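J.: So the chains spell out like this:
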Amino acid sequence: MKKFIQDKGLIIGLWLVVILIFVFGGMYSRYVSSLVAPDEVENEQRYYDKVGLVSLEYNFDFETFTEKPYIATFTYEGETLVSYVDLTFGYVEMITGVEPEGFVLSAVKHHSEQEDILSNLAYLISYDENSKTLVMGAVGFVPAAPIQVEFVLNDSSDGVASYTVTSSENYDNEYNTAYNGGAGPTVENQMIDQYMAGTYPVDSISGASEGTGIAMQELFALLNLFMDSLEGGN
Amino acid sequence: MARFAGGKAPFLRIADNKNHGTGIIMRDFLIGLLPVILFAWYKNGILVYTQGNINVWEMFYPLFFILMGGIISFVMEAIAFYMMGAKDKESLMVKLKTSYGVIPGLILALMLPMYTPIWVLMFGCFVANIIGKLLFGGFGHNVFNPALLGYAAIKFGLMGVINSAGGYFNASEVLIDAYAGATPLAMLSVNKVLTYNAVVAPFGNLWDFFLGLTPGGVGETSVLLILISYIWLSARKVIKWYTPLVYVGAVFGLSWIVGAMNGQSNIWFPLYSIFTGGVMFGAVFMITEPVTTPKNPLGKVVFALLLASLTILFRFVGSLPEGVGTSLIVLNIFALPIDKYTSIIRAHRWKKPALLQICILFGILLVLTIYAVTKAGSLYSLYLPIFNLGGIF
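Protein chains in written order, with the working numbering: chain A, 1 to 234; chain B, 1001 to 1393.
Misleading hints may appear alongside valid ones.
Covered, in the sense of this in silico footprint (three residues per stretch, anywhere, with C-beta under 8 Å from a C-beta of chain B), are these stretches of chain A [as the list claims (entries may be wrong)]: (1) 2 to 14; (2) 103 to 113; (3) 190 to 199.
Subject to a maximum C-alpha distance of 30 Å in a straight line, what follows is the list of computed DSS-like cross-link-like pairs (lysine-lysine) [what the hints assert, rightly or not]: (4) K1340/B - K1237/B; (5) K1087/B - K2/A; (6) K3/A - K1089/B; (7) K1240/B - K1095/B; (8) K1087/B - K8/A; (9) K2/A - K1095/B; (10) K1089/B - K8/A; (11) K8/A - K1095/B; (12) K1155/B - K1240/B; (13) K1089/B - K2/A; (14) K1375/B - K68/A; (15) K1340/B - K1295/B; (16) K1095/B - K3/A; (17) K3/A - K1097/B; (18) K1295/B - K1097/B; (19) K1237/B - K2/A; (20) K3/A - K1087/B; (21) K8/A - K1097/B; (22) K68/A - K50/A.
For the record, the hints were derived by calculation from the structure and aren't laboratory data.
Here the structure is a predicted model, which is why all the values come from computation and not from measurement.
For every residue, glycine included, the Cβ atom is placed at its ideal position computed from N, Cα and C.
Using the sequences plus the hints, can you model the full thing?
T.: Set out below in structure tokens:
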């Protein structure tokens, strides 16, 4: 026993220190954390609760909608404030009221994401009043390469006269062997043709990915709202 | 006649007294860490206790946590040396005396959030001392800053565990609504709003940042105390005084440009940028590390400038709000070529034979800086197109 301790005492002692730190340090650490961790969670909810999202709407002012696509109305400390938010629902600038503290802006973004009031899959890029050309984007199957559609509205601004789709999506690949509809924008074209023929909501197209189908539906919904804002309407 | 030093790094001046050596340097380094350790204890323990938000047991926890970092590192190295053949006490002590195993653990603990569980700290110390240092051949042979390697392993793998244990906020900070569960840099990263009101005001003012009364790593927050350490370490010639200065100055300058490109040309933004995260801590305690950074003065300056550009890139463009640790780890890999190229430039006194090295080094620096600043300059613009999230622009 004495020899064993002489031989192995050092390494046993060192391991013992590690084990003691692991056990007692861990207990100490857990004890301290247990006192503060619930506060952390409650705190997060607390600052979200201080801010209420009243509404989130599209900004149809074609001078500003590119940079400020949405208008958020929210309440904080009994005041109603209105601000522009971007496509990720991040704060851009105030419309009415003084810019609040950072956590209020975080809360607005949080509520906008959680409450699912409107989708940000489709968005407005530009509108030329003279040529009645509206350029829109939609995030389909390939988020890195959004679909871009250029609509030319009719004279009364209540329908589409013509359109051009720019899409780099291609369903005709090794993963979709059953698909024979050709490269994009075949799907997009077919869906827009349905829309122009008066079908709304538009039926999904065979071979369209779920992402693209939903994105195009969102795009038509936004297009209708935009035309409404021009006092047209489909 | 000029004298040249050979052998392994660090190369040390032996001029002042006969006792001046690595051991003395490490002693001075530990003394330099002392103000930061004490402030970390004050801010996260004593102050919170006096505010009535914790009990006396909790008050000692920050100090315990930091000291455990040092002890765990030391013991882990001892076990490793034992397993590598130093079976008796004497030979083990000889190894430990020249390995300075306590330092990576202390620095690692100072960089981590206060509520990091002890087992996570142990894991970090294992990565730092065993993988980051001993597997490379021990003190003087490591490629990466050991503490940073441990930090990176924790940051990329175990941050969720730390956050659910309480994260960055001490018991007083967690009660402040304005902090919104985010450190200053995380706030900027989440909101993408670059105004004083959005990123500084929730945490007080710049004076609070200077004093270190803001949420962050246990020992990283106080600029004032880190400056005191900087003066001590420079005066003792433990570190080269100009390396932190060049790095912090470059981060300041580049942040100013980034701020100006986003409509914030006031001085608050560059000050905020150098007062937050690990810029000051990294500048004084990490980029001055003699083993994993270039040895010659020009190399140190180029290293600091490259590091500043990378920090801006990772911090304002990438998804890492902090940026200092990651950029330093990346640049550790290039310390050797930077050292070699700058030595050639110095030897040829910036003349034609060193043209290739000058073009390569300063070309990379220029391209990296321009890229970082332009990308960061447009990041916080008012419009963030959704397709940018896909990363194609």
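J.: If a hint holds in the structure, say so; if it doesn't, say that too.
T.: Now for the hints, and whether the structure bears them out:
1. 2 to 14: The restraint on the stretch 2 to 14 of chain A holds, since 3 of its residues have a Cβ under 8 Å from chain B and three suffice.
2. 103 to 113: Coverage by chain B holds here, the residue count being 5 at a Cβ distance below 8 Å.
3. 190 to 199: violated (count 0)
4. K1340/B - K1237/B: Status holds; Cα separation ~23 Å.
5. K1087/B - K2/A: holds (17 Å)
6. K3/A - K1089/B: holds (15 Å)
7. K1240/B - K1095/B: holds (27 Å)
8. K1087/B - K8/A: holds (9 Å)
9. K2/A - K1095/B: Given that 30 Å is the threshold and the Cα spacing comes to 26 Å, the pair holds.
10. K1089/B - K8/A: holds (11 Å)
11. K8/A - K1095/B: Roughly 18 Å separates the two Cα atoms, so the pair holds.
12. K1155/B - K1240/B: holds (29 Å)
13. K1089/B - K2/A: holds (17 Å)
14. K1375/B - K68/A: holds (20 Å)
15. K1340/B - K1295/B: holds (9 Å)
16. K1095/B - K3/A: Holds - the C-alpha atoms of K3/A and K1095/B are around 24 Å apart, at most 30 Å.
17. K3/A - K1097/B: Roughly 27 Å between the alpha carbons, so the hint for K3/A and K1097/B holds.
18. K1295/B - K1097/B: holds (23 Å)
19. K1237/B - K2/A: violated (49 Å)
20. K3/A - K1087/B: The given pair, whose Cα atoms are some 14 Å apart, holds under the 30 Å limit.
21. K8/A - K1097/B: Cα-Cα ~21 Å, so holds.
22. K68/A - K50/A: holds (25 Å)
The structure is inconsistent with the numbered hints 3 and 19, although it conforms to all the rest.
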